[in-house]
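*Asks:* Sequence:
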Amino acid sequence: MNDLPARTSAHMQFDDNRLLSLLFGEHDQHLAKLERELGVVMATRGNILSIEGPNGAVTSAKQILSQLYRRIKAGETIAKADIEASLRLSKSEEISEPHLFGPEFRDSLLIRTPRRQITPRSGGQARYIRTLQEKELVFGLGPAGTGKTYLAVAAAVAGLNKGQFERIILSRPAVEAGERLGFLPGDLKEKVDPYLRPLYDALYDMMPAEQVTKKLLSGEIEIAPLAFMRGRTLAHSFIILDEAQNTTPMQMKMFLTRLGEGAQMAITGDLSQIDLPPGVKSGLIDALDAVKDLADIGVVRFNETDVVRHSLVAKIVVAYDQRDKKTKMG
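Quick note on numbering that gives the first Met the number 0: the sequence shown kicks off at 0 and runs consecutively.
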């Protein structure tokens, strides 16, 4: 009895030879990556690419290369990270159907910001972007490197540019300082900036620096520690709370009830990285339990397969999770 997967071969013909070096990569490194990961064999002859291997792998390779070729024709630059992202998407059960690799699917999840166009790089990211499009309150949960905060900032910037929102409000709990910011040296900005630096980094990645500065001065973009949200009603705004696992239940309830008319809220956190003092319950855990039956709220959980930083980061996340599970069992 032969349990080996059925094999097949296929050919792809491209209409612009000048773009093939970008698609295949320097010294065909992109093709080599696909061969290793999918278990296929590829050969090129002019503008024709032949692919041989297991049925499903050949189909995935064709879908990935077709999608990347469309992006190159549209003027985008393709790098190693894009190959890895496409491989993650091809392996995601949620979007394994061939039609979801088509331009309609990709365009529906495209986030346009002044400096770049952002597309999902994993199945979890695809679900997250879709949920941000459909829900007014979204929880994005998962390990570092999954893009949960970055994509929320991208959605906020895109919404501000389209006039969907009047302001972007970005916040974090300054838990390392216990939010007793008066004990830190310098003026208010100098005190809180170290805790909010990742949010600034995301903004500068999506908007020219002069635009970020102008909107910060005008109040169109506000970056502030969580303690500064008390007593306010935040209307017509896209509001992001990052590192939400480090809120207390009281802080989280306060923040959730700031949501005003015409506003959208994204709350991101990593439940494996809680830095609160011993015995203090995370406000994020408390909130997820309190609102779990509300249909209007979206919850997207990322895992190590959604990590889009260096490929080693996903392995590090898995190593820590396995170690922690053994510790609990022991």
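Honestly, the hints are just simulated from the structure, not real lab data. Misleading hints may appear alongside valid ones.
Label pairs and their in silico Cβ distance ranges [as the list claims (entries may be wrong)]:
| # | residue 1 | residue 2 | range |
| --- | --- | --- | --- |
| 1 | Q272 | H10 | 32 to 42 Å |
| 2 | Y203 | T304 | 46 to 56 Å |
| 3 | Q272 | Q163 | 27 to 37 Å |
| 4 | R322 | Q116 | 36 to 46 Å |
Only a predicted model underlies this, so the values are computations on that prediction, with no experimental measurement involved. C-beta atoms are modelled at their ideal positions from N, C-alpha and C, and glycine is treated no differently.
*Asks:* Between the beta carbons of Y203 and T304, is the distance compatible with 46 to 56 Å?
*Replies:* Violated: the Cβ-Cβ distance is about 28 Å, outside 46 to 56 Å.
*Asks:* Tell me if the beta carbons of Q272 and Q163 are separated by a distance inside 27 to 37 Å.
*Replies:* 31 Å, holds
*Asks:* Determine whether the Cβ-Cβ distance between R322 and Q116 falls within the hinted range of 36 to 46 Å.
*Replies:* 38 Å, holds
*Asks:* Using the Cβ atoms, figure out if Q272 sits within 32 to 42 Å of H10.
*Replies:* 48 Å, violated
Going through the hint list in order, the structure does not satisfy hints 1 and 2.
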